[in-house]
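2 protein chains.
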Amino acid sequence: MDLHPLTDGTAQGGAAAEPDPATRRGKPAPHASGPTFLEQLVAEGLMIPTGVPGLYGRNTTFESICEGMNNVMTHLGRGLGAETLHFPPAMGQADFETSGYMKSFPQLAGTVHSFCGDDKGHRRLLARLEDKSDWTDQQQPTGVVLTPAACYPVYPVIARRGPLPEGGKVVDVMSYCFRHESSLEPTRMQLFRQREYVCLGTPQRIAAFREQWLERVPELATALQLPVEIDVANDPFFGRGGKLVAESQREFRLKFELLIPINDGAPPSACMSFNYHMDHFGHMWDLRSADGATAHTGCVGIGVERMALALLRHHGLDPARWPQTVRDTLWGG
Amino acid sequence: MDLHPLTDGTAQGGAAAEPDPATRRGKPAPHASGPTFLEQLVAEGLMIPTGVPGLYGRNTTFESICEGMNNVMTHLGRGLGAETLHFPPAMGQADFETSGYMKSFPQLAGTVHSFCGDDKGHRRLLARLEDKSDWTDQQQPTGVVLTPAACYPVYPVIARRGPLPEGGKVVDVMSYCFRHESSLEPTRMQLFRQREYVCLGTPQRIAAFREQWLERVPELATALQLPVEIDVANDPFFGRGGKLVAESQREFRLKFELLIPINDGAPPSACMSFNYHMDHFGHMWDLRSADGATAHTGCVGIGVERMALALLRHHGLDPARWPQTVRDTLWGG
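Taken in order, these protein sequences are the chains called A and B. Take the first sequence: its letters are residues 1128 to 1460, numbered as in the numbering used here. Take the second sequence: its letters are residues 1128 to 1460, numbered as in the numbering used here.
Simulated from the structure, these hints should not be mistaken for laboratory data. Bear in mind the structure is a predicted one, so any value in this text is a computation, not a measurement. No residue lacks a Cβ here, since even glycine has one placed at the ideal position from N, Cα and C. Take the hints with a grain of salt, since some may be wrong.
Said to hold, decoys possible - Far from chain B, some chain A residues (derived; all Cβ distances over 10 Å):
#1 Thr1163
#2 Pro1290
#3 Ala1334
#4 Glu1338
#5 Arg1343
#6 Pro1354
#7 Val1359
#8 His1404
#9 Pro1450
Unchecked claim - Straight-line C-alpha distance at most 27 Å; calculated DSSO-like pairs for lysine-lysine:
#10 Lys1259(B) x Lys1247(B)
#11 Lys1247(B) x Lys1230(A)
#12 Lys1259(A) x Lys1247(A)
#13 Lys1230(B) x Lys1370(B)
#14 Lys1370(B) x Lys1247(A)
#15 Lys1259(A) x Lys1370(B)
#16 Lys1382(A) x Lys1230(A)
#17 Lys1382(B) x Lys1230(B)
#18 Lys1370(A) x Lys1259(B)
#19 Lys1230(A) x Lys1370(A)
#20 Lys1247(A) x Lys1230(B)
#21 Lys1230(B) x Lys1259(A)
#22 Lys1382(B) x Lys1370(B)
#23 Lys1382(A) x Lys1370(A)
#24 Lys1370(A) x Lys1247(B)
#25 Lys1259(B) x Lys1230(A)
Stated by the list, open to error - According to the in silico footprint, chain A covers these stretches of chain B (three or more CB under 8 Å from chain A):
#26 1184-1193
#27 1271-1284
Please take these sequences and the hints and turn them into a complete structure.
Here it is in structure tokens:
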């Protein structure tokens, strides 16, 4: 693999990397009358419909591409001294509430509910099932909430350890995430994996971390032979108030996205993002730097399935026939 | 690794394997006044509390044991000609309803709910969050249900393909599963992984498949140096009616479990199970054998985290110091 791992610490930030103009454009042609990209993926057996838009099974070929992208991320993060943590795809409701997610993205979150009734309630439930009517009215919240982004379970765990070490900290995490978005675009799954590096420390530490990654992106795009753009972005904050937050996120250049054309005749999809949360999570969880100041946080992450879809879109549905350098980047040369 | 892979097809069933008397007993001593097993796992950093019983983060050591157990299962299944499928940790509500799970285990299932309201509803939600009162009353079911067992998403996908091939079929699947069980026993997680082989075909095919696995268990126990028992078992079917179903499951010897002592002074935990569903799923999803008869199904699966906990319990909290043969079995010799 040609990509150089990032190194910990002292890299100085510069301007955001300019995407290589040579790979800047490459929007896939609209499917016109032929099968859609999703239909092609399904016909090839790469994605397996489950009857619910955004929930798909996958075959081993698709999964091996996901593994390859994880290899790339592991390789890139090798110099960062990251601690790897693993979490199930859900978190406790108290930590979830603390994150402030319901303020910003209530429409996307998923709470987990269970039947907590007795024999009589169960008979009523079964009668409704029998009648094909709604049986979920007896479901009660369990205090478990699906993970909205891979980094969310990280902050409370690190906060409970006390102040950060001198020089801050980097955590490597991958998790299934849930977003309540029903869509026929293969890139918009309801359950998908994010692989993230989370940086916690001083504002300077986070800025340097983000710049390192932004500088590395053109190299990544070249190695994977993908047409990419990097753009300032904003999240889909909820409601009228959310519009102001989104504008401010854009204005202060807090979020950058790596965009790759994937879907038929649609704008390019965000496949990787760079987020600077300032002291939002630091305040919420009372995260402290070694000097006692409220810590700042940032993260860089890929949508694992989206990166796999980008590769399938641009190099074809059979990875055995992909350019050898791309294969080497994903699976070792 | 010394274990021989299973082979596809024509193995003839015999009696259920008798566990080796030499490894039959080995219940861990109760913790008396010392730290509990869970406390030891947490102190060692292997499991990371999240504030919710049954939801834990894990470090890389714990995960490498899980990977090792998956290696063992991959190796054992190598001769079976299995098709590997991957699923996210949830399935569509229609398929979930078809499975009949809400009839048998309504108390364990988890449905996913989201906020679908407008700005006004959102303001009400935020006011409740602010007051620390219940804000989940506006959550609506999304049609997504957490996977209750790794094999559940398999049946509808295979059924949609039409009749099974001649000789039936084996599917290899691993998934996160949810069960609404709050417990301080580390073996009883709310989200955990199951690695399963699912066999679909004639009753003879399923019987042969199960016997092959049951015969291989003493060899597995020896290779991992774990004290095990195999016992006829029954599931925790819900309610008064459920008791009859459980008794019948026991009487017809439809389920066997591999039991290993893990928790402090508690009965041994089921770490692997062998289930014969007869034609239950075949009927539910109209699964057909090649000759048009309703297919029978069975599965064998491990609880990935439970097997990891069994190894940690019996060989100590530092895998670097485990017996070399155990290490070779898990990570290749």
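A quick look at each hint next to the structure:
1. Thr1163: With a cut-off of 10 Å, Thr1163(A) remains clear of chain B, as the shortest Cβ separation is near 19 Å.
2. Pro1290: Holds, since 18 Å exceeds 10 Å.
3. Ala1334: Holds, because the least Cβ-Cβ distance between Ala1334(A) and chain B comes to about 28 Å, which exceeds 10 Å.
4. Glu1338: Correct as stated: the minimum Cβ-Cβ distance to chain B is 28 Å, above 10 Å.
5. Arg1343: holds (24 Å)
6. Pro1354: The assertion about Pro1354(A) holds, with a minimum of 28 Å to chain B.
7. Val1359: holds (26 Å)
8. His1404: holds (20 Å)
9. Pro1450: holds (25 Å)
10. Lys1259(B) x Lys1247(B): holds (19 Å)
11. Lys1247(B) x Lys1230(A): holds (13 Å)
12. Lys1259(A) x Lys1247(A): Within the cut-off at roughly 19 Å; holds.
13. Lys1230(B) x Lys1370(B): The given pair, whose Cα atoms are some 13 Å apart, holds under the 27 Å limit.
14. Lys1370(B) x Lys1247(A): holds (16 Å)
15. Lys1259(A) x Lys1370(B): Roughly 26 Å between the alpha carbons, so the hint for Lys1259(A) and Lys1370(B) holds.
16. Lys1382(A) x Lys1230(A): The given pair, whose Cα atoms are some 18 Å apart, holds under the 27 Å limit.
17. Lys1382(B) x Lys1230(B): holds (18 Å)
18. Lys1370(A) x Lys1259(B): holds (26 Å)
19. Lys1230(A) x Lys1370(A): Measuring from Cα to Cα gives roughly 13 Å; hence the hint holds.
20. Lys1247(A) x Lys1230(B): Cα-Cα ~13 Å, so holds.
21. Lys1230(B) x Lys1259(A): holds (14 Å)
22. Lys1382(B) x Lys1370(B): holds (15 Å)
23. Lys1382(A) x Lys1370(A): holds (15 Å)
24. Lys1370(A) x Lys1247(B): holds (16 Å)
25. Lys1259(B) x Lys1230(A): Given pair Lys1259(B), Lys1230(A) holds - Cα atoms ~14 Å apart, limit 27 Å.
26. 1184-1193: holds (count 6)
27. 1271-1284: holds (count 5)
In terms of the numbered hints stated before, the structure departs from none.
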